[in-house]
Amino acid sequence: MHEMSLAESVVDLVEYRARNNGWQHIKGVRLEIGKLSGVEPDAIRFCFDAVAGGTLAEGAALDIVEQDGIAWCFDCARTIALAVRGDPCPECGGFRLRVDQGLAMRIMELEIE
Amino acid sequence: MCTVCGCGGRQVKAEGDGKWRQVHGHDDGVAHGEHRHVHDLHYGLGPARAHAPGMSQARMVKVEQDILAKNDAYAAANRDHFREHGILALNLVSSPGSGKTTLLVGTIRALQGRYPVCVIEGDQQTSNDADRIRATGAPAIQINTGRGCHLDALMVGHALQELNPAADSLLLIENVGNLVCPAAFDLGEAHKVAILSVTEGEDKPLKYPDMFAAADLVLINKSDLLPHLDFDVELAIGYARRVNPGIRAIVLSARSGEGMDEWLDWLDMQMDGAALTGMQTGESLGGPVMAA
Numbered sequence: 001m002h003e004m005s006l007a008e009s010v011v012d013l014v015e016y017r018a019r020n021n022g023w024q025h026i027k028g029v030r031l032e033i034g035k036l037s038g039v040e041p042d043a044i045r046f047c048f049d050a051v052a053g054g055t056l057a058e059g060a061a062l063d064i065v066e067q068d069g070i071a072w073c074f075d076c077a078r079t080i081a082l083a084v085r086g087d088p089c090p091e092c093g094g095f096r097l098r099v100d101q102g103l104a105m106r107i108m109e110l111e112i113e
Numbered sequence: 114m115c116t117v118c119g120c121g122g123r124q125v126k127a128e129g130d131g132k133w134r135q136v137h138g139h140d141d142g143v144a145h146g147e148h149r150h151v152h153d154l155h156y157g158l159g160p161a162r163a164h165a166p167g168m169s170q171a172r173m174v175k176v177e178q179d180i181l182a183k184n185d186a187y188a189a190a191n192r193d194h195f196r197e198h199g200i201l202a203l204n205l206v207s208s209p210g211s212g213k214t215t216l217l218v219g220t221i222r223a224l225q226g227r228y229p230v231c232v233i234e235g236d237q238q239t240s241n242d243a244d245r246i247r248a249t250g251a252p253a254i255q256i257n258t259g260r261g262c263h264l265d266a267l268m269v270g271h272a273l274q275e276l277n278p279a280a281d282s283l284l285l286i287e288n289v290g291n292l293v294c295p296a297a298f299d300l301g302e303a304h305k306v307a308i309l310s311v312t313e314g315e316d317k318p319l320k321y322p323d324m325f326a327a328a329d330l331v332l333i334n335k336s337d338l339l340p341h342l343d344f345d346v347e348l349a350i351g352y353a354r355r356v357n358p359g360i361r362a363i364v365l366s367a368r369s370g371e372g373m374d375e376w377l378d379w380l381d382m383q384m385d386g387a388a389l390t391g392m393q394t395g396e397s398l399g400g401p402v403m404a405a
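Quick note, the sequences are listed as chains A and B, same order.
Position 24 of the first sequence, counted from 1, bears residue number 24 in the working numbering, the numbering being contiguous throughout.
Throughout, the working numbering is defined as the position within the second sequence, counted from one, plus 113.
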């Protein structure tokens, strides 16, 4: 997807926080990435290492926690697990689904010094 | 464009002042040849691969901030501007070659004398599309994203300053031809409209589900070519509804005019809504629904 832009946003946001709080260095960044967000964790790792160079986050470890996809099936009137958009409801085989979880693209925690 | 991730433009240029803005970087010297996006590999299907086991809890700081927080803040500012002025902004997304610009030209011609229309054109290079729009008499501004693969809300904010759309007008934003990246970037629009032409595969909505999930309307374009193709319209719409049960579909041809009335009716309905919202915020001049 657009992992380079996302990695740049992460570095921008954490550098801003670091400068405002007087942190010397960001040692680690933990992200939460939804499995339905369209974001590729491996690509974001690659891009993060590339854009963090020369910033306060240079060399920071990137920890990506993947968030499972969950949807509401209108036909079954229940919550189901959804691995991929476009997959059917595992119970009824239908597609009348509303995604309720799995779209996150969030910075969760930083390890600082 | 970065061929690794399909993204990461170094510079963007909005027409008008000709300045390059927003530097993205790949200044790290990393060899892209090492990247693994080749030969039908499927990333992201395995378990979470956290690779920072040594993070110590002692110096952890909770953040909980959306990665796109900056873009979303710019998008919210654009949306406020649209609402206050009764402007209907639509974000038109598709693959390259789906006939977006031809559709826009046809739409602008059909709307002449009804309400003002202006256009923001996004492409990596050239002002060809903006030139085509301006030939209709409608104001247009070209944003060249350089290597970037999508428009973002800040670029649209800059374009708004140059273009200054009239109150109670229709603003059509033609995004960069790309069915992937523009899905994630809110520009402040009222709706994303996906355009799928019948010369593409019916399964595009399944191959690029995020875009069809983000859109409220899909236009199946170039319907005049259907007699010459095996494209199954109902199958394509069915696939779009698998990823987005609520998506509306209109089959049309910008060339022959088939289906254009239904599209213009949909635009009318949305314009009424935008004018109403503008009146409620008190800044709009009043649109087609203005009471006596």
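Hints may contain errors.
Below 30 Å or equal to it, Euclidean Cα-Cα: the simulated DSSO-like pairs (lysine-lysine) are [unchecked claim]:
id	chain 1	residue 1	chain 2	residue 2
1	B	K175	A	K27
2	B	K183	B	K320
3	A	K27	B	K320
Among the chain B residues that face chain A by a calculated CB cut under 10 Å, a handful are [as the list claims (entries may be wrong)]:
id	residue
4	V176
5	D179
6	G259
7	H263
8	L342
9	F344
10	L348
11	G351
12	Y352
13	G359
14	R361
15	I363
16	G372
None of these hints come from the bench; they were simulated from the model.
For every residue, glycine included, the Cβ atom is placed at its ideal position computed from N, Cα and C.
Each hint tested on the structure:
1. K175(B) x K27(A): 14 Å, holds
2. K183(B) x K320(B): Holds, at about 29 Å.
3. K27(A) x K320(B): 37 Å, violated
4. V176: Check passed: Cβ of V176(B) comes within 5 Å of chain A, closer than 10 Å.
5. D179: 6 Å, holds
6. G259: With a closest approach of 13 Å, the G259(B) hint is violated.
7. H263: 6 Å, holds
8. L342: Violated, because the Cβ-Cβ distance from L342(B) to chain A comes to roughly 23 Å (cut-off 10 Å).
9. F344: 19 Å, violated
10. L348: 13 Å, violated
11. G351: 9 Å, holds
12. Y352: It holds, given that the least Cβ distance between Y352(B) and chain A is near 8 Å, below 10 Å.
13. G359: Holds, because the Cβ-Cβ distance from G359(B) to chain A comes to roughly 9 Å (cut-off 10 Å).
14. R361: Violated - the Cβ of R361(B) stays beyond 10 Å from chain A, reaching only about 15 Å at its closest.
15. I363: 20 Å, violated
16. G372: 25 Å, violated
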